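With the sequences and hints as input, model every part of the structure.
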Amino acid sequence: MTDVMEDSEQFEIRIEFRADSGDPARVFTAMTGLIEAMQTLDRDLLSQFGVELQSELYLEDVARGSLRAFFRNVVKDIPDEALESFEVRKIIGHFLLKAKYAFLRWAEEHEELESPAQLESLEGELLEAARETEVLRVPAYQPIRRDRLVSVLKDIGDATRHLEEGDRADYLSAAGNAAIRGNLAVSEDAIRELLTSDVKESASEQTLLVKKPDYIGRSKWSFRYQTHVIEARILDENWLAQFHAQQIALQPGDGLRVRLREVFYYGHFGEVVSATYEVLEVLNVVHLIGDQDALF
Numbered sequence: 014m015t016d017v018m019e020d021s022e023q024f025e026i027r028i029e030f031r032a033d034s035g036d037p038a039r040v041f042t043a044m045t046g047l048i049e050a051m052q053t054l055d056r057d058l059l060s061q062f063g064v065e066l067q068s069e070l071y072l073e074d075v076a077r078g079s080l081r082a083f084f085r086n087v088v089k090d091i092p093d094e095a096l097e098s099f100e101v102r103k104i105i106g107h108f109l110l111k112a113k114y115a116f117l118r119w120a121e122e123h124e125e126l127e128s129p130a131q132l133e134s135l136e137g138e139l140l141e142a143a144r145e146t147e148v149l150r151v152p153a154y155q156p157i158r159r160d161r162l163v164s165v166l167k168d169i170g171d172a173t174r175h176l177e178e179g180d181r182a183d184y185l186s187a188a189g190n191a192a193i194r195g196n197l198a199v200s201e202d203a204i205r206e207l208l209t210s211d212v213k214e215s216a217s218e219q220t221l222l223v224k225k226p227d228y229i230g231r232s233k234w235s236f237r238y239q240t241h242v243i244e245a246r247i248l249d250e251n252w253l254a255q256f257h258a259q260q261i262a263l264q265p266g267d268g269l270r271v272r273l274r275e276v277f278y279y280g281h282f283g284e285v286v287s288a289t290y291e292v293l294e295v296l297n298v299v300h301l302i303g304d305q306d307a308l309f
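Position in the sequence shown (from 1) plus 13 gives the number in the numbering used here.
Don't read these hints as lab results, they were simulated from the structure.
None of the values given here were measured: they were computed from a predicted structure.
Please note that the accuracy of each hint is not assured.
[To be verified] Within a straight-line C-alpha distance of at most 27 Å, the following computed DSS-like cross-link-like pairs (lysine-lysine) qualify:
{"#": "1", "residue 1": "K213", "residue 2": "K167"}
{"#": "2", "residue 1": "K233", "residue 2": "K167"}
{"#": "3", "residue 1": "K213", "residue 2": "K233"}
{"#": "4", "residue 1": "K224", "residue 2": "K167"}
{"#": "5", "residue 1": "K167", "residue 2": "K225"}
Spelled out as structure tokens, the structure:
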């Protein structure tokens, strides 16, 4: 990646892909997710300024093997006329470009986020971007919250997971270029520690359709539960021992009647940020016949 953006108020998201392989929709799905992640990051970075951000988006080119989208940030509705004396709109615009570059460069250089303490270096990078662009002169500036940093990192990972081997996504701007990588693993513990404000736990009898059993170890099983797929570890050691000894047979399409423990972790606005499932007891195997949807 050698291109350099000359427009100091513009940035580009570019996805290069193998045009002769995979589902082409993956590229547009990934681009949509990355656009939304960058818009979220901009809103979070500006949340302490008391200003409104409007992003102008225009798609320049869709060519064989490449999808390029250009963006411009427009800051408006700044109430204090005194701020105009040092071109606050331009200062904030430069800060957004440099902060996004610093954010993505940090993510590019790290493989795993296990503890919130690891975010200290990222916070330092963003603070340095604020110093270099003089945005610290804007009243009421405060660093972005750690829970928001983790949320955007997760959004970027979710977007880039649609890309396949041989694809790549990049951020290009006058502030610098960075690869947009989705290989940063954000642990569930880190997500829960930063994003959770309430936890609710329940146990009940449920029927789970077996999607992927574990035949040899103590790994999680994959089940269809209601309208979605979950992963759950089976804690019923007696049943597992019989299953691994081939004393219990499972056929494709079979289900398990179980006592299921569900733990939901809720964020500060009531949204579910994480959920865990454990099978406390296997009651019996259910041979599902006919329309399986009717049983969930």
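Here is how each hint holds up against the structure:
no.: 1; hint: K213 - K167; result: holds (23 Å)
no.: 2; hint: K233 - K167; result: holds (22 Å)
no.: 3; hint: K213 - K233; result: holds (21 Å)
no.: 4; hint: K224 - K167; result: holds (26 Å)
no.: 5; hint: K167 - K225; result: holds (25 Å)
Going through the hint list in order, the structure satisfies each hint without exception.
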